[in-house]
Structure formats: structure tokens, C-alpha cells
Amino acid sequence: DAMVIQNPRYQVTQFGKPVTLSCSQTLNHNVMYWYQQKSSQAPKLLFHYYDKDFNNEADTPDNFQSRRPNTSFCFLDIRSPGLGDAAMYLCATRRQAEAFFGQGTRLTVV
Amino acid sequence: GIQVEQSPPDLILQEGANSTLRCNFSDSVNNLQWFHQNPWGQLINLFYIPSGTKQNGRLSATTVATERYSLLYISSSQTTDSGVYFCAAFSGSARQLTFGSGTQLTVLP
Chain R
1 DAMVIQNPRY QVTQFGKPVT LSCSQTLNHN VMYWYQQKSS QAPKLLFHYY DKDFNNEADT
61 PDNFQSRRPN TSFCFLDIRS PGLGDAAMYL CATRRQAEAF FGQGTRLTVV
Chain Z
1 GIQVEQSPPD LILQEGANST LRCNFSDSVN NLQWFHQNPW GQLINLFYIP SGTKQNGRLS
61 ATTVATERYS LLYISSSQTT DSGVYFCAAF SGSARQLTFG SGTQLTVLP
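Residue numbers (this note's numbering), protein chains in the order written: chain R, 1 to 110; chain Z, 1 to 109.
Just so you know, not all the hints are guaranteed correct.
Unchecked claim - Examples of chain R residues lying across from chain Z (beta carbon under 10 angstroms, computed):
| hint | residue |
| --- | --- |
| 1 | 8 |
| 2 | 55 |
| 3 | 84 |
| 4 | 100 |
What the hints assert, rightly or not - DEER-style ranges, computed between Cβ atoms:
| hint | chain 1 | residue 1 | chain 2 | residue 2 | range |
| --- | --- | --- | --- | --- | --- |
| 5 | Z | 67 | R | 20 | 19 to 27 angstroms |
| 6 | R | 59 | Z | 78 | 35 to 43 angstroms |
| 7 | R | 14 | Z | 24 | 37 to 45 angstroms |
Derived from the structure by calculation, the hints contain no laboratory data.
Glycine included, C-beta positions come from ideal geometry on N, C-alpha and C.
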């Protein structure tokens, strides 16, 4: 059974049109992460939550925001997507020192 | 934070061959993970291996924490093993996972 679930798997959005990616977990883990991955590169951390404690990486663009209404759900909002935001977006949770990833959402900006 | 380096960056094998992927890290860590990213982009946990050796079918991994490296062994490779292999670790009190740059593995039929 999938433990970290991301929806949708594929998302196409128009340049400048706000888009929201979602992530849910059935693991009841305190820590959740959003990563961005562009082709042929390692995942890059955008945000993480420890419970409700939100941490924004210094180089995460202002265009990106996140919400975590409860332990199970986390959202990534891109306010005005540009062509450079096309990427795979990965959500993860953490138990002690082990991370678990969802299937990812591949975002295309047209 | 820690630095994580992987080698080789690219590896092409004939089906049935064996391979070893290496991960070096700059500081002592008490955790290390290996992931396989499949062609659809999903990161699949292979091993959580802070130290010692683990095996899962044709794959095994060894971490020598005192010498700051980990190895992933793939035996009798299959075309479905193709993809990118990442190692990653959390450092000290840091809450973020640091990834290596990955090894792109291609297994030819």
C-alpha cells in the first residue's frame, strides 16, 4: 500500500496560472518535505515541516508556498508558474533517520 | 552540512553483468539510504543502511561509517535495473536529506 501519495501524477498548467500540488501520508510522521527535481539533477529541497514548524530554504523562490493543514496533508502552491518551474516535485516524510517518498508529480508549464 | 559524492556518474552494462556503485560522504553520519529512481521518476527506497551489510535479492549494500563510504552491489543486472541510483543522508541535527549527484545506470539487453 502506498504510504506517501501525491496527486496528480502529471500536471499541465499555463504560464502564470496558479497551481497546487498535493501530498498525503498514512504514516503519521511529523516531518514532511517538498523537493524539486529537474532532469539529470539530484532533488533540491524547497521546504520542510517538523509538525507545524515550517522551514523555507533560503533559495526557494517566493513564487513557491506551502501549507500543512494537518499531519496527513501537505500542499505546494506555485503562484505564477514560469517555464523554469517545469520539473518533478517530490514529497517525502521522515521516520527517525529514514525518508519515504511519494510517486512525484511531473509539472509541465505551457 | 555534509557533502555526498557518488561514482561513477554513468554506467552502462550488458544484462547479466555485476556492478558496484560508490557513495562517499564528507562527515560522519549515522544514517544512509540508497534509492532507485525509476523511469517514471519515483524514488524507491532500496536500503536504509547506517552501517554494516544488507542484502535484498540481487542487490546488497555495505556502509563503513568510520571510513565514510557506502557501496551498492547489483548482481546479474536486468534491464529493469536501469535508472538513476542516489545515495542520501541526514547530517547531524539537520532535518534535510542531502543527496549525492546520482549514478545513471543503463542495462542493455
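Comparing the hints with the structure gives:
1. 8: 13 angstroms, violated
2. 55: Holds. Min distance 7 angstroms.
3. 84: 18 angstroms, violated
4. 100: 7 angstroms, holds
5. Z:67 - R:20: 19 to 27 angstroms: Once the Cβ atoms are compared, 45 angstroms apart, the range 19 to 27 angstroms for residue 20 of chain R and residue 67 of chain Z is violated.
6. R:59 - Z:78: 35 to 43 angstroms: 39 angstroms, holds
7. R:14 - Z:24: 37 to 45 angstroms: Roughly 43 angstroms apart at Cβ, these two residues keep to the hinted range, so it holds.
Hint check: violations occur at hints 1, 3, 5; the rest are consistent with the structure.
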